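**Student:** Going by the working numbering, the sequence shown opens with residue 2, and the numbers climb by one from there.
Some clues are possibly wrong.
[What the hints assert, rightly or not] Simulated restraints on C-beta separations:
1. K8 / D34: 26 to 36 angstroms
2. M2 / E32: 30 to 40 angstroms
3. N9 / P49: 24 to 34 angstroms
4. G11 / D34: 14 to 24 angstroms
[Claimed, not checked] DMTMM-like cross-link-like pairs, simulated, lysine to aspartate or glutamate; straight-line CA separation at most 20 angstroms:
5. K16 / E32
6. K7 / E65
7. K16 / D34
8. K27 / E39
9. K57 / E20
10. K8 / E32
Everything labelled a hint here was simulated from the structure, so no lab data went into it.
From a predicted model like this one, the values you see are computed outputs, not experimental measurements.
A virtual CB, placed ideally from N, CA and C, is assigned to each residue, including glycine.
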Amino acid sequence: MIRLFKKNLGTTPGKYITELRLFYAKNMLLETDLSTKEIAFQCGFTSPAYFTKCFKSKYKKPPEQ
Numbered sequence: 002m003i004r005l006f007k008k009n010l011g012t013t014p015g016k017y018i019t020e021l022r023l024f025y026a027k028n029m030l031l032e033t034d035l036s037t038k039e040i041a042f043q044c045g046f047t048s049p050a051y052f053t054k055c056f057k058s059k060y061k062k063p064p065e066q
């Protein structure tokens, strides 16, 4: 299943899910007044620190900006 997923979408299921979580988190940061910690947990990240690390890696700036 993982090979078919990667063949069709060009990424692994885990990375795909993380990308979706980051996409929704970015929108929540822009559209709500929730804290970074609340958004991290609502988007399925296990810790705010890991969320910040992933966010910085993808968007080249911390979620607070």
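**Student:** Tell me, which hint numbers fail for this structure?
**Tutor:** 1, 4, 5, 6, 7 and 10
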